[in-house]
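Peer 1: Sequence:
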Amino acid sequence: PTLSAGTQARSFWQHDDPQAPLDRLKDMLTVYLETVKASGKEAISQFEASAVGKQ
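First residue of the sequence shown: 31, per our numbering; consecutive thereafter.
Hint data in this document are derived by calculation from the structure and do not stem from the laboratory. Wrong hints could be hidden among the right ones.
Unchecked claim - Each computed DSS-like pair below joins lysine-lysine, with the alpha-carbon atoms no more than 25 Å apart:
#1 56 with 67
#2 56 with 71
#3 71 with 84
Using the sequences and the accompanying hints, generate a full structural model.
Peer 2: Set out below in structure tokens:
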């Protein structure tokens with residue numbers, strides 16, 4: 031997921047079509063949220079693994 035988010039962000043910055051600032055902001059926010067969701071899931075699974083390992 032993070033890889034695709036990075037690819038989306040790269041292609042997003044490369045295309046310079048005239049675009050409304052609000053649309054651009056929405057696209058950036060979408061990519062950001064996808065990245066946060068992916069890393070959040072990873073952090074949670076790591077935390078659960080360590081918490082279970084300590085018991």
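Peer 1: Hints first: check each against the structure and report whether it holds.
Peer 2: Now the hints, each set against the structure:
1. 56 with 67: Given that 25 Å is the threshold and the Cα spacing comes to 16 Å, the pair holds.
2. 56 with 71: Given pair residue 56, residue 71 holds - Cα atoms ~22 Å apart, limit 25 Å.
3. 71 with 84: holds (20 Å)
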